[in-house]
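Knowing the structure of chain E, use the given hints to seat chain V on it.
Sequences listed follow chains E and V, in order. If you read the first sequence in the numbering used here, its first letter stands for residue 1, the second for the next number, and so on. If you read the second sequence in the numbering used here, its first letter stands for residue 1001, the second for the next number, and so on.
Watch out, some of these pointers could steer you wrong.
Said to hold, decoys possible - Have a look at the derived ranges for each label pair, beta carbon to beta carbon:
hint: 1; chain 1: V; residue 1: E1031; chain 2: E; residue 2: V16; range: 40 to 46 angstroms
hint: 2; chain 1: E; residue 1: A621; chain 2: V; residue 2: G1126; range: 49 to 55 angstroms
hint: 3; chain 1: V; residue 1: T1276; chain 2: E; residue 2: V16; range: 48 to 54 angstroms
hint: 4; chain 1: V; residue 1: G1126; chain 2: E; residue 2: S183; range: 52 to 58 angstroms
hint: 5; chain 1: V; residue 1: E1031; chain 2: E; residue 2: D502; range: 48 to 54 angstroms
hint: 6; chain 1: E; residue 1: A515; chain 2: V; residue 2: E1031; range: 52 to 58 angstroms
hint: 7; chain 1: V; residue 1: E1053; chain 2: E; residue 2: A42; range: 35 to 41 angstroms
hint: 8; chain 1: E; residue 1: G40; chain 2: V; residue 2: P1014; range: 33 to 39 angstroms
hint: 9; chain 1: E; residue 1: A621; chain 2: V; residue 2: T1276; range: 57 to 63 angstroms
hint: 10; chain 1: V; residue 1: A1262; chain 2: E; residue 2: A391; range: 43 to 49 angstroms
hint: 11; chain 1: E; residue 1: Q281; chain 2: V; residue 2: D1091; range: 37 to 43 angstroms
hint: 12; chain 1: V; residue 1: G1126; chain 2: E; residue 2: G40; range: 37 to 43 angstroms
Unchecked claim - Listed below are several chain V residues computed to face chain E (Cβ distance under 10 angstroms; list not exhaustive):
hint: 13; residue: G1070
hint: 14; residue: V1073
hint: 15; residue: D1209
As the list claims (entries may be wrong) - Listed next, the in silico DMTMM-like pairs over lysine to aspartate or glutamate satisfying Cα-Cα at most 20 angstroms (straight line):
hint: 16; chain 1: V; residue 1: K1100; chain 2: E; residue 2: E588
hint: 17; chain 1: E; residue 1: K412; chain 2: E; residue 2: E588
hint: 18; chain 1: E; residue 1: K400; chain 2: V; residue 2: E1083
The set of hints was computed from the structure by calculation and includes no laboratory data. Cβ atoms here follow ideal geometry from the backbone N, Cα and C, with glycine treated the same way.
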Amino acid sequence: MDTRASSEEQLAVDRVLGAPRSPWDGGARGSHRDYHTASGGAARRAERTMLLPALRALQEHAGWVSEGGLNYVCERLDVPPAEAWGVVTFYALLSTSPRPTRMLHVCDDIGCRQRGGLALCAALRASHGEPAVHEAQGHAVDLAAGQAAWMTSPCLGLCDQAPAALVTDAGPEPVERLLGRVSASAVRDVMAGRALLPDASASPARPQQGSAELVLLARAGTVDPLSLDAYRAAGGYAALARAAQLGPQGVVTELVVSKLAGRGGAAFPTGKKWEAVAAQQATPKYVVCNADESEPGTFKDRVLLTDDPFAIVEAMTIAGFATGATQGYVYIRGEYPLAAERVAQAIEAARRAQLLGANVGGHGFAFDIEVRRGAGAYICGEETALFESIAGRRGEPRNKPPFPVQVGLFGKPTVANNVETLVNVLPIVRHGGAAYASVGSGISTGTRLWCLSGAVQQPGVYETPMTITLAALIARAGGVAPGRTLRAVLLGGAASTFVTPDQLEMPLTFEAARAAGASLGSGVVMVFDDTDDLEDHLLRIAAFFRDESCGQCVPCRVGTVRQEEALHRLKHRRTIGSAADEHALLAEIGAAMKDGSICGLGQTAYAAVESAIKSLGLFSASRA
Amino acid sequence: MTPLVQLTRPSRAPKATVACTINGQSVQVSEGTSILAAAATIGVTIPTLCWLETLTPVNACRLCVAEVKGARVLAPACNRAVESGMEILTDSPRVHLTRKLVLELLASSVDLSCAPELTALMDAYGARPERFGPPAPANAAGTKQHAVAGHHAPPDPAFAATTSEPPTVDNELYVRDYAKCVLCYKCVEACGTDHQNTFAIAVAGRGFDAHISTELGAPLPDSACVYCGNCIAVCPTGALMAKREFDLRAEGRWQPEAQHAADTICPYCGVGCTLTLHVQDGEIVKATSPMDNAITMGNLCIKGRFGWRFVQSTTGR
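In isolation and in its complexed conformation, chain V is listed as follows:
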């Protein structure tokens, strides 16, 4: 697959070529190529969730697993490099079962209503999350934050436990909704060394109680957060969402199909980031930057991402 963005300086040394087969088809790629990228060269698409072109693979979701002949367990296609002679199956019964279960386990514990790609995949894989029982009533706010590692209450046989908690609305710019979080680590990576180097959030807690947290679980305004919103940009499930979108959704007025996107240049500083303004009913409702933009790689700062309301200010004229 052609990279969206050249993240590293290309090595001058020519890379060795390795040959493998994917679903029986011979493939030749340069050394170090992932199974995911190698499959893409022959048009084989492997579903991903925690993988993103602009971030270091964490291999946490296990949706992209592939079967490597002779290996004891499945391999994460997003990060396993192709080796010479590998025989790879991307849609064997084992692969299919694990992907189906990953989708079911997620959908039974997390609200995927803002992740249409995942719901489409669930149909494709025949995932039926209701097999685990009816979802448990929502947890109180802060349940995960206050959980003690290594301890949990005995399960209620009537319900399937979920990560559901009321959304955390503690600032005017964005909302954290743990009920929608699949723990893909993308926001943590975007906040950390992959993009922003702010380190305001990290994974805290353990096991099913693991969750994304600020230091001491503090409200965002008391944390190290600089409100760049680059975590929102990479969140695949709407667990992190701009407050404007959250409010419009709550009012039932969020209509992506009625929106159009207009590219422009951020007016604030000399970097000149490309801004994509999402407009609904003549009103800007969201600002993003294209992932394949060589300057931003999808990132912005607080001004570019949130500082557009003056455009449609109706007061102080």
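In isolation and in its complexed conformation, chain E is listed as follows:
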């Protein structure tokens, strides 16, 4: 396997990695002196962290990762080609076979599905044939047929502007755009190779813009996200100044007092996490901002990343200060190009203003941040899978314990927090944990971002105290359209459960959700009315988990397949035994996935199915 990369491919990789230093890392063979040096050891192995950025560079340049390109990256980073192949084939947005320069990824997930997504897919099937997956499925890409091809995509995190699509243009000047409210004519323009509209995530629905009740979204849409001066004028970096006065221990104390719980889905107490990392002796320590927001129906982090990127930079800096971490990473899902661009710009501006670097803001500590982009893998939102991805390995979750606070990124103590969680740190540090905890109740303190989508009239991100009831929140988003009735709400995401119309008076606190057997997850409130085909949605959720399972452990790898098959048997009235038998089989598969899987993906893959069968009464009919 000695195919060589084209010079353009080499340049694309070198733009990310820098030029080779010697023949040992892919450079030209010079004099014999080059062979009188050695290359290897821990420092060389550590370069593997650049594997995914280098593979992304190839993908963006040529539209696929060629054999020669892969070989060159392996040479540059000293990665065994078999392992690099394992990494390339792990990510949905990396292709191992040639694709047209323009790819259109149309969301057919639950948020977009019945809001135009399926209609777009049907139109594309009619005009451009089956999606460009692989010849194994009989859908080979005909490169001669045109400059563009299309595929379906899991949730793109643009549910406020459904139906959504992602377009990637490969080439020397690669372009990636999220498109919202995509019409059939817009799709025709994309497929015809016409110029693309601006990224839709620049203009999210901002239903509460200007409202005085906003804390986390106070700057969103009103303060220039590209200007550090504007951010400071709007109160930015006051929290860092306050943190410096409080000292690292003081910051952690305020966080503990605030009772802030993680907003990514697991709701772990953030103060406890920071305290644990601060207490670790091992160095270096890391701060990881988990911006791999991929839970179907979740788009709140996207709004924070694009509308208020400096807030994330500041909050991560405070996390570094409080825990003694010196390096931060923001891992942003590959489907959020504008978010990645904005955060990178914010980091650059903060560096210029010496708010990142060797002596942050003159406060006497060092901290810097790097942006990493995913490449299409929901599982990389699982924190340990995310660490593996940053390290240049397949995004396979690790067993816990040990937990990231002890053994995290690169095996070192790591604070891993969700975007929204981090942004909450700013008001806590600035105004004190007690003031923060005065909003809300019990352990459900502060405000929370809710992702309203589906059959509501005004979808978007809403910020409220957690004491709001589900009914009141849905009413804020305009409720369902006149003449329709609410049938169900997917609360928390695809990894969570459906709640029924009789549960709408539930306050959205951790306590109330737990009591109702539900979960707030990542703040998803996806509403379904009587025109929605819920069984179809459930099949999509089952397909999603099968697609996104990393494949490492048996319960999830095969369990998600068997779960989807059983649901299809129920759907097509071809049950093995009665419907009740299939439900019992599903319950056993679900129990094994929940108890036996390595990570949260498998552990929650049955949750929505279980609630749909038990609470909504779906799939109750036997073989006809």
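Below, chain V alone, put in the same frame as chain E:
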């Protein structure tokens, strides 16, 4: 359990002792001992599949799960260290159900005909893989290799999907049969830092399409493979098999019960690896090395593992 092989230099510092209970019985072991090893000290056997004494645990098969009181989910016994005060159950109803399902999920998707230990376990746990429907017809060769991460064809309600593909026979020494692969990662570990440091194979693809692959899915002769066969030595299901055994099985002439094993020393180099020659009808049919041999830990090189045919050469005399 007494280790077969001392893999690391013993620490001089005395290790603290931790006390726990396993199935209600008090157990004291040194700190860092796995649940699996702790259970073995009182004669409790926990089934394993992806675990092997000579390899780093990957905890992927989930067959060895145990219930730790107070924990939200089950723990992999092969890698979870015993902690002081742990109350461990190795055969509770939850444990039993998960193990049964793991066996059923595997048996419904993988050909376990060369894994008699697993079929015995299936009987013990009452596993009925046919519950998921009849197995789907075999996939075309290369199906997994060409699958695209994050996409799959809708399931056929008439069948249970399998990993079945025709065996890959691309060299004279060994055969890769994906239909039998349970993705235990043992071969990858043996090829990597645990033993051979050749890195010719790794897991590729995602989810149900995950599979063991060479670089770019290339045929073995075009890959980095050095044909040590150490992956064959650790494969628990016959997915990796020496060509000689594969051929004899195909001819219906593979008879393990009629074989005897003779230990000898490899004649090739000065390392002096112990060879176990498996002889059937007066003919060497396979060479292995004992897992508990301190020098080889079950490993050999291409010569030791495959270079024995001259012994019974009948030509060129």
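Do the alpha carbons of K400 (chain E) and E1083 (chain V) lie within 20 angstroms of each other, as the hint requires?
-> Holds, at about 14 angstroms.
Hint says 52 to 58 angstroms; check whether the CB-CB distance for G1126 (chain V) and S183 (chain E) agrees.
56 angstroms, holds
Point to revise | Range agreement (Cβ of G40 (chain E) with Cβ of G1126 (chain V), hint 37 to 43 angstroms) | key: Since G1126 (chain V) and G40 (chain E) have Cβ atoms about 52 angstroms apart, the given range 37 to 43 angstroms is violated.
Query raised in the report: Does the Cβ distance between E1031 (chain V) and D502 (chain E) fall inside 48 to 54 angstroms?
Result: 52 angstroms, holds
Pair hint outcome, K1100 (chain V) versus E588 (chain E) [Cα-Cα no greater than 20 angstroms]:
10 angstroms, holds
Is it true that A621 (chain E) and T1276 (chain V) lie within 57 to 63 angstroms of each other by Cβ?
59 angstroms, holds
Beta-carbon spacing of A1262 (chain V) to A391 (chain E) - inside the hinted bounds 43 to 49 angstroms or not: Holds - the Cβ-Cβ distance for A1262 (chain V) and A391 (chain E), about 46 angstroms, lies within 43 to 49 angstroms.
Query raised in the report: Does V1073 (chain V) pass the interface check with chain E, least Cβ-Cβ distance below 10 angstroms?
Result: 5 angstroms, holds
Cβ-Cβ distance between E1053 (chain V) and A42 (chain E): within 35 to 41 angstroms? Violated: the Cβ-Cβ distance is about 28 angstroms, outside 35 to 41 angstroms.
**Request:** Hint says 40 to 46 angstroms; check whether the CB-CB distance for E1031 (chain V) and V16 (chain E) agrees.
**Result:** With a Cβ separation near 44 angstroms, E1031 (chain V) and V16 (chain E) satisfy 40 to 46 angstroms, so the hint holds.
- prompt: In this structure, is the beta-carbon distance linking A515 (chain E) and E1031 (chain V) contained in 52 to 58 angstroms?
  reply: 39 angstroms, violated
Review point. Minimum Cβ distance from G1070 (chain V) to chain E below 10 angstroms?
Key: Result: violated, 14 angstroms to nearest chain E Cβ.
When held up to the earlier numbered hints, the structure conflicts with 2, 6, 7, 12, 13, 17 and fits the remainder.
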